[in-house]
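> Per UniProt numbering: the sequence shown = residues 1 to 1277.
The reader is advised that the hints may include incorrect statements.
Between beta-carbon pairs, the in silico distance windows are [said to hold, decoys possible]: (1) 1270 / 761: 35 to 43 Å; (2) 616 / 469: 13 to 21 Å; (3) 701 / 851: 19 to 27 Å; (4) 560 / 1270: 57 to 65 Å; (5) 590 / 202: 34 to 42 Å; (6) 663 / 701: 40 to 48 Å; (7) 560 / 225: 27 to 35 Å; (8) 479 / 649: 49 to 57 Å; (9) 586 / 1268: 38 to 46 Å; (10) 1047 / 895: 48 to 56 Å.
In case anyone wonders, no lab produced these hints; they're calculated from the structure. From a predicted model like this one, the values you see are computed outputs, not experimental measurements. Just so it is clear, CB atoms sit at the ideal spot from N, CA and C, and this is done for glycine as well.
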Amino acid sequence: MEATAVSVGKAVLDGALGYAKSKAVEEITLQLGVERDVDFIKDELQMMQSFLMTADEEQSQNKVLTTWVKQIGVLAYKVEDSLMDFGLHSEKKPFLGCIPRNLGDRRRIAKEVKELRAKVEDVSNRNLRYRLIKESSGSKPTMAEEQANIATAAMFGINEARLAALEHEKSSEVDLHQLITSYDVDLRVITMWGSSGDLGKTSAIQEVYDDPKILERFGFRSWIRLMHPFNPQEFLRSLVRQFNENSLEEIGQPEQETSVGANVLAKMEKMEQSDLVRVFNAKLCSNSYLIVIDDLSTIVEWHCIKKYFPDNKKQSRIIVSTQQAEIASLCTEKPLQVSVLKQLSCDQTIYLFHKKNSEEQISMSSVRVEMYDTNDEAMLAAVEEEKQKAMHASCSLETTFDSKKVTTTEKRTTMLTIEIHEEDHELNNGGDEKVHNSTARKKSDRSRTMALADQVLCGRETEKSILIKLVGQPDNNQGSKVISVWGMGGLGKTTLVRSIYRSQQLGGWKRAWATALRPFNPEVLLRDLALQLQNTIQEDPAGSTATGVQKKNISVMKLQDLKDELARILKVQKCLVVLDDILSTSEWDLVKSCLHNVGRIIVTTRQKDVAKHCSREDKNMYCLEGLKDAAALDLFIKKVFKDNIEKNDLVPAMMEQARLILHKCDGLPLAISTIGGFLASKPKTAIEWRKMNDRIGTELEINPELRTIKTILMRSYDGLPYHLKYAFLYLSIFQEDQRIRWGRLGRRWTAEGYSRDMHGMTAIELCRTYFDELLDRSMILPGEGTYQYSQKINSCQLHDMIREICISKAREENLILTLEEGCCLSDTQGAIRHLVIGSNWKRDKDVLESMLDLSHVRSLTVFGEWRPFFIFDNMRFLRVLDLEDTVGLRDHHLDKIGQLHHLKYLSLRGCRCILYLPNSLQNLKHLQTLDVKGTQIIELPRTITNLSKLQHLHATGFWTRGDDVKGDDIVDKYSGYRYRSPRCQTCSVLSRGHLFLRPQVLDAGLNRHDIFNLDRFQERHLDDVILPRGIGKLKALHSLGFVDVSGRNGNATVKEFGELTQLRKLKVGGLSYRNISELWSAIAGHNQLKTLSVKIGNPHPERNELDGCLSEDLLPPSSLESLALQGKLVNVTEWIHKLQNLSKLVLSNSRLEQVDDAIQALGVLPNIAVLRLHYKSFRGTQLHFQRSSFPSLMVLELHYLDNLQSVVFEEDTMPKLELLQIGVCKELKDISGLPALKSLKEIQLPAASGLYRKIFEAQREEVERQVADHVRVNTID
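Throw the hints in and build the complete structure from the sequences for me.
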């Protein structure tokens, strides 16, 4: 919450400062004489902004700081609102040209500025009183570190342990004493981790460490708290000293402890390390030992420490205490088990990581003595004999596993003397596990208890196969390759890669695994890799003799020596390295230079840009997606019913609830596994599951057993820069499962002030970078139905679990209020900034009038049915009014729209009963976006030319989308009447007054003004919208369309296009031979135009040629990236080669032929990625794509080409083509050369039905005969 508060505060300050620094404010302050006060306010806000940046970097948890940050946000809102309000008065024209219209306004504004300055001073002084800046720079553990630790812990079985403890109460909690005294002769490592740091761990260890039975059991004991940085020699001295002290206590000579200890310590100070090792080994050679290692912080430290302790087969034990769950999991032998040691409180638990006990490894102290009568000497003798047999069998077994490895204690001791830093026989940081035999490996795999292990077993077989094929064998001579696996948190990337890493299908790679810990330290990561690879090579039968790699003391090497040694190892070995959880390109850059000789590197990351940076080539990037429905259900059932397979027959009611839960999990294995595990301890009923489904958002907040989901996903949110956090929280405005168009979101962001024009980049272009970055970070997903082969994603959706986090964070900051069924308004405090009215809200006027403060609302978004009382007179700061697809909106409801002076974004898209815009629209001087697509508006009012700041004007003629049935019925009443002049319309209305009194008309909520507009609409159903004269005044326009220029003002409008030099997007229709030349002349110099769509009004007359006037002297703008042409083309080869930036081309009615060389001319364009040849765009019989043509083409569409009989693809044509779509081409019989399309992934063909069923069936048979198995052949949607 603290980080969110800081991010929101900074974003609001950015908006306030941006406006305070604007030229408009400078002029206002000069006019009103308050420039000194406003400058002071601006300077203070800048200081607050700088402080918040520092606080955000350190992620302080100070509650007082959080409160102060929220106060800054409220103040920043107040400053910006006030400055904008002052601006309205400066825009009023003076009375009689010189006398200010209202002197009282000037005095009032000056007074308000003084009050505003006083508030800013008060907030600044509050910082000094509470010393917030000093407090924020402390060195306490940050919230981000704690959350990252908890998130990492979720991957290592902790949820499983907690749920097991809840289900079986105390029966699943483990006894540390029992683990230490277990009947297992091998050395065992027991790791302790607590969800609340060190709380309770020391006392738990101390209780066992001082137990008399433990004192009797172990010959030597030692408790070491590690110092940082780790010093091997000091560590060894401390061990030897404690062994001597404990020995004196045990033989009953405590009085000698001081003198002897001092002598020993003095001797130790003089010893060389080799002598210390010799003394140390002598102590451990024939005694069982108990070692406590406290505060282990890195896996590199563990690799150094564990080599000091040989496995002398005397039931020795090592207890490791750490604050990192991942370290805890890596220190312990496999198969790993996580158990609850002690539950301190509802959110504070101590866990033990230990090797999973087999049935033979039962504690003697807790079980054996209970089974046998301790007075029965025969029984005790039998037990001892069995123990000796087990010890002998264990020793024999290890010798059998690897006869070439030294296994006796004496030989291990000798090796330790020679090289103290020799690694253990198993690499615990994901290293190459030594496979003793297939039976042991299978048993280990079956016993693994990591929380997310089931993900690989449920629905990941295809992904695993693809990645194994990408990695390949070490002898396939593919050179070095970096494979990136990326996707949102919780998908199981690490678990999937770990299963691949351990797969025997990969052959003889030398393997090493390193997880990037935070804060990132490249030296730690590289040292870890070097240690693992060195150990793996030494264990090879050929060893260092064959490779020339000799064992060196990597643990104490300096960084440069470490890099040299790692390079030497990689040069002579074929290695597979996994780098898990790389978060940024800078982290990769810090280590990549040391890994250029690695045969294969697998990188896991959450961000697409990181994956791209690491792999370079798209073919080596793999985007991991959610589980499919069947696999998700399988995982859910396994988690809920565990091993009780016979109980998992779901009744229909339970199956329905299961599917609803899985819909919200949306294929996320983490969510499915966690929720399924939680429900495993609940009654298996539809009612219980319905409760979970209804309150899943609340459960994520308050249920500690589901907190893992939020914690893991929050890591992605916490990693966002502050401007992206604010933009991301804004997405909670939209409804569940809603497809959010990029254009809608980007223009709303711009209107809210989330971005501003920068040098070389407009505000909307900057917003596009925000959108793409959120996509790359997997915070948003491509929209449902998004064209997967498009280079640009134009819509997005929120994963349901991510959306719950988004809503939760926005609610915490009082940022967005959504009125929906069941919403609680009792805790709503303060001014509401963004109001959303959901489609299922009951439309209660009293709630809006009496319970909510709407005086500072900046955006109003309505879903579902419209009510006139949604807009209040006091909503004077409204910037965004989004009524897209609203039902029931009528013309007269917009009469007072001109009173919203600060409005920047107005969307009436899809409001099908809107026929006319009011004249008061001219008062919206700050309007940037006007979207009336999908309305019945056919002509824009003249007053629109007064909107000098308008940047985006989107309009199309009447379309049939929407559910406003009453509006359709009314339109149908007048379908027989023609378009008339206003005078004729009035007569027509009066003569048909009886029609307007019909019940369906009255029920539709129309007044006389609406009926007049409706009659005016009549049958003028245009595809495009008519513009008034003077459109050239709108100099700020960036996007305009669709515009009809076939009417009386058409030629004048076309000429005025030349004045719109800022255009990036233009769509125009209704052209003819009379004005097509003027259009090309008008836009020829528009060097910022990127998207152009041109339509001939009547495509049939031969004189209507789109490009007849184009030549070397008159060309389309070379900046074009997307071009759509509907009309005859005759000179393509004369001008198309100039469009080197063109990436998308759509042709319709072009009537090209192969003999025209037009297709060949298109084929040489270097960047064209999408080519769509639609209705009669090609009228030849054979479409021939020649060798080496279309080098960048990814999508080819052929639709309604009536004369086309054959399509030929030559070798090396379209090397990047991924999708081939063939629509209704009724004469097409021959498609040849498909095998030449090496990158082809999918072919879409029409459904084999209707009049041309046999033709379409033959086409499908011909295609399926040629394509490879990996190419999908689907039916066009």
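> It remains to establish, for every hint, whether it holds in the given structure.
Hints versus structure:
1. 1270 / 761: 35 to 43 Å: Since residue 1270 and residue 761 have Cβ atoms about 40 Å apart, the given range 35 to 43 Å holds.
2. 616 / 469: 13 to 21 Å: holds, 19 Å
3. 701 / 851: 19 to 27 Å: holds, 24 Å
4. 560 / 1270: 57 to 65 Å: Given range 57 to 65 Å: violated, Cβ gap about 46 Å.
5. 590 / 202: 34 to 42 Å: holds, 36 Å
6. 663 / 701: 40 to 48 Å: violated, 20 Å
7. 560 / 225: 27 to 35 Å: holds, 31 Å
8. 479 / 649: 49 to 57 Å: holds, 53 Å
9. 586 / 1268: 38 to 46 Å: holds, 40 Å
10. 1047 / 895: 48 to 56 Å: violated, 27 Å
This entry does not satisfy hints 4, 6 and 10, going by the numbered hints stated previously.
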